[in-house]
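S.K.: Residue numbers (my numbering), protein chains in the order written: chain R, 29 to 305; chain C, 15 to 298.
Any given hint might turn out to be false.
As the list claims (entries may be wrong) - As a list, the in silico DSS-like pairs of lysine-lysine whose alpha-carbon atoms are at most 27 Å apart: (1) Lys172(R) <-> Lys63(R); (2) Lys203(R) <-> Lys121(R); (3) Lys281(R) <-> Lys83(R); (4) Lys203(R) <-> Lys157(R); (5) Lys281(R) <-> Lys198(R); (6) Lys267(C) <-> Lys203(R); (7) Lys115(C) <-> Lys121(R); (8) Lys129(R) <-> Lys267(C); (9) Lys179(R) <-> Lys161(R); (10) Lys267(C) <-> Lys198(R); (11) Lys157(R) <-> Lys220(R); (12) Lys198(R) <-> Lys161(R).
To be verified - Pair ranges (Cβ atoms, derived): (13) Thr36(C) <-> Ala261(R): 41 to 47 Å; (14) Gly131(R) <-> Phe131(C): 53 to 59 Å; (15) Ala33(C) <-> Asn170(R): 55 to 61 Å.
Hints are computed from structural coordinates only; laboratory data are not their basis. Virtual Cβ for every residue (Gly too), placed ideally from N, Cα, C.
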Amino acid sequence: MKMGLWFKAAAVVVMMGLAALPASADPLAAFNGQKGEIRISGGTAHIPVMEEAAKQIRTANPDVQISIAGGGSGVGIKQAGEGLVDIGNSGRKPTDEEVAKYGLKVFRWALDGVGAVVHPDNPVQSLSKDQLKQVYAGAIDNWKVLGGQDKAINLYTRDEASGTRDVFWKRALDKGDIHAKANVVPSNGAMKTAVANDPYAIGYVSVGHIDVTVAPVALDGVVPTNETVKSGAYPVSRGLYSLTKGEPGRLAKAFIDYLFSSTGQQIIVDKGFIPGN
Amino acid sequence: MDGERIAQKVFLLAAVLSASVTVLLLVFMVILGLPLFQGGLFLRILTHPWLPGRQLFGVWPMIVGTLAIASLAMAVAFPLSLGVSSLIAVVAPGRIAHLVKSAVAFMTGIPTVVYGFVGVFLLVPLVRETFARGSGLCVLTAGLVLGILVAPTMILFFSDALARVPGSHRVAAEALGATPAQVLVYVLIPGAWRGIVTGLVLSTGRAVGDTLIALMLAGNAAQVPGGLLDSARALTAHIALVIASDFDSLEFKTIFACGILLYAFTAAATIAVRRLGRKGEPVR
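Please model the complete structure; the sequences and the hints are all you need to start from.
M.R.: What follows is the structure in C-alpha cells.
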C-alpha cells in the first residue's frame with residue numbers, strides 16, 4: 029500500500045510536470061539563444077498586454093530587447109508599413125487599401141469593447157444610445173438633464189489617429205458629431221486618468237482599461253464588460269490587431285506566437301481582454 | 015596647409031552646416047506643404063475652423079489657442095521675473111540673492127513633463143473646483159504653468175542685464191540720496207531695458223514653442239477659446255495630435271502650415287532681438 033501511495037504521488041508529480049511543460053517552457057523556447065531587438069508601437073489599448081509579454085520574455089532571455097511605444101492605431105499601421113517598427117499595433121482593422129499598400133500581415137489576438145466611462149461618484153451610469161449621441165454632439169450639456177448634479181458635462185475624446193475613437197464613433201455614436209469643445213487626450217491611459225480626476229467628465233476607453241478608478245456607463249441597459257462584449261450583447265467592440273510588414277522576422281514571429289500560446293492568452297485575460305481571433 | 019587654416023576651414027564648415035540646417039528646415043516644410051499653397055488653400059487653412067466631419071481643416075482655433083496660452087504665460091512670468099531679478103540685484107544682494115539665483119538656475123533644469131504632471135494632479139482640480147466651470151483643462155491652467163516654466167530663464171536674463179549696469183551709475187544715484195527702490199526704478203531698469211526686452215522676446219518664443227504643457231493641460235479642444243476657462247489647442251499640440259493620422263490626408267498636411275507659422279514666429283522674434291542688439295551696446 030505504501031509503495032502504491034508513493035507511486036501515485038510520483039505519477040501525479042510527473043503528470044503535473046508534463047502538463048506544465050507545453051504551457052510555460054514551450055512558447056518561450058523560441059527565444060532561446062536569440063539575440064536582438066523587437067520594436068513595437070501603435071495602439072495604446074494593447075500596451076498592458078505588450079508590456080507583460082515583454083517582461084516575461086526579457087526575464088527568460090535578457091538578450092532580447094523589446095521596446096514598446098504608443099502613438100495610436102494610425103501610428104501602428106503607418107510605422108509597421110514603413111518598416112520603422114517590427115510590430116505595429118492597431119485597435120481597428122486596417123483598411124484593404126492599407127493592407128495592399130504596405131503588404132501588411134494581420135494578426136488578431138483579442139476582442140475588446142469600447143465603453144463610455146464617467147467618474148465613479150457620478151450617479152449617471154446608464155444612458156440610452158440617443159442620450160449618448162446628444163451628449164457628444166453637445167445637445168445635452170448638463171448632468172441635471174440626465175438625472176445627475178447641476179454641473180456642465182465635460183466631454184473627453186481621443187485624437188483622430190485613435191482606433192478606440194474610430195470604433196466608438198462608428199458603433200456607439202453612429203458617426204454622429206463630436207462637439208469641438210471636447211477635450212482631446214492622446215491615449216487610453218491618459219483618458220482614464222482624465223476621467224478619474226474629473227467628477228463631471230464623460231469619456232470612453234477600451235473595456236480592458238476599465239477599473240475601479242472609473243465607472244462604466246451602461247448603453248441601452250447593457251454594461252460594457254468582458255462578458256457582455258463576448259456574448260455580443262454590448263455592441264461596441266473591435267479586435268486588437270498586431271501587424272507586420274510581410275511575413276514577420278524570426279523574433280517578431282516568436283513574439284506573436286507567444287501571444288497566441290496558452291501563457292500569452294492568460295496574459296490577455298489577466299489584462300482584461302477576451303483572447304482569440 | 016598649416017594648422018590655423020585647417021581649423022579655420024573646420025569651423026567654417028561647422029558654421030555653414032548649422033546655418034544650412036535652419037534654412038533646409040524651412041525649405042523642407044515649404045516643399046512638403048507645397049500642395050497647400052495652391053488655390054488659396056493656405057489662407058483657408060489659416061482662417062477656417064477645424065471640423066473634420068465637414069472636411070474643414072482650418073488651424074485658426076489653434077492660432078488663437080497658442081496666442082492665448084502664450085500671452086497669459088508672459089503676463090504671469092514677466093512681473094514675477096522682474097520682481098525676483100530685482101530682489102537678486104537690489105533688495106537682498108549677498109547670500110539670499112545667491113541662494114535665490116541657484117534655486118532659479120536649478121529650476122531651469124527641471125524637465126517640462128514634471129511641470130505638466132504636477133499641473134494635472136494639483137492645478138487642474140483646483141481650477142475646476144475654484145471656478146466651478148469646465149474641466150480645469152483650460153487656457154488658464156496651461157498659461158499659469160507655462161508662465162512658471164519660462165520664468166526661471168527670464169529671471170536669469172533679467173538679473174544678468176541688471177548686473178551689467180555699470181556700478182558707477184548706481185553709486186552716483188546713491189550719493190544723491192536715492193533709496194534702493196529709486197535706484198532700481200530710475201537707474202537699473204532703464205539701464206538694463208535692452209537685456210530685459212531680449213529676455214522677454216526669447217521667453218515668448220519658448221512659450222509659443224512649448225508642446226507638452228499645452229498638450230497635457232490646455233484640453234486640446236479644436237475650438238476658438240471664448241475665455242480663460244475654455245479648453246484650447248496650441249499649434250504645437252495640434253502637430254503632436256495629428257502627426258499620427260494618414261500621410262495623404264489634408265489634416266496631416268495642416269501640420270506643415272502649423273510648422274511654417276511657428277517657424278515664422280521664431281524667426282520674427284530672433285530678428286527683433288538682433289535689431290535691438292545692433293541699436294545699442296552688445297546685448298548678450
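S.K.: Each hint should be assessed against the structure and marked as holding or not.
M.R.: Going down the list of hints, with the structure as the test:
1. A distance of roughly 59 Å separates the Cα atoms of Lys172(R) and Lys63(R); the hinted pair therefore is violated under the 27 Å criterion.
2. A hinted pair counts as satisfied when its Cα atoms are at most 27 Å apart, and Lys203(R) with Lys121(R) qualifies at roughly 17 Å.
3. Proposed proximity of Lys281(R) and Lys83(R) is supported: the alpha carbons are some 17 Å apart, at most 27 Å.
4. Annotation: proposed proximity of Lys203(R) to Lys157(R) holds, straight-line Cα distance about 12 Å (limit 27 Å).
5. The hinted pair formed by Lys281(R) and Lys198(R) fails the criterion: a straight-line CA distance of about 32 Å is larger than 27 Å.
6. With a C-alpha separation of about 24 Å, the suggested pairing of Lys267(C) with Lys203(R) holds against the 27 Å cut-off.
7. Note on Lys115(C) and Lys121(R): the hinted pairing is violated, with a Cα-Cα distance of about 55 Å set against a maximum of 27 Å.
8. With a CA separation close to 20 Å, the supplied pair Lys129(R) and Lys267(C) stays within the 27 Å bound.
9. Between Lys179(R) and Lys161(R), the direct Cα distance comes to roughly 19 Å. Compliance with the 27 Å bound is thereby established for this hinted pair.
10. Among the hinted pairs, Lys267(C) with Lys198(R) is consistent with the structure: their alpha-carbon atoms are about 25 Å apart, no more than 27 Å.
11. Using a Cα cut-off of 27 Å, the hinted pair Lys157(R) and Lys220(R) holds, with the two alpha carbons roughly 21 Å apart.
12. Simply put, Lys198(R) and Lys161(R) have alpha-carbon atoms about 11 Å apart, close enough for the 27 Å limit, and the pair holds.
13. A beta carbon spacing of about 59 Å between Thr36(C) and Ala261(R) contradicts the range 41 to 47 Å that was offered as a hint.
14. As the Cβ distance of Gly131(R) to Phe131(C) is approximately 40 Å, the hint placing it in 53 to 59 Å is violated.
15. Under the hint 55 to 61 Å, the C-beta atoms of Ala33(C) and Asn170(R), about 56 Å apart, fit the expected range.
Hint compliance for this structure: hints 1, 5, 7, 13, 14 are not met, and every other hint is.
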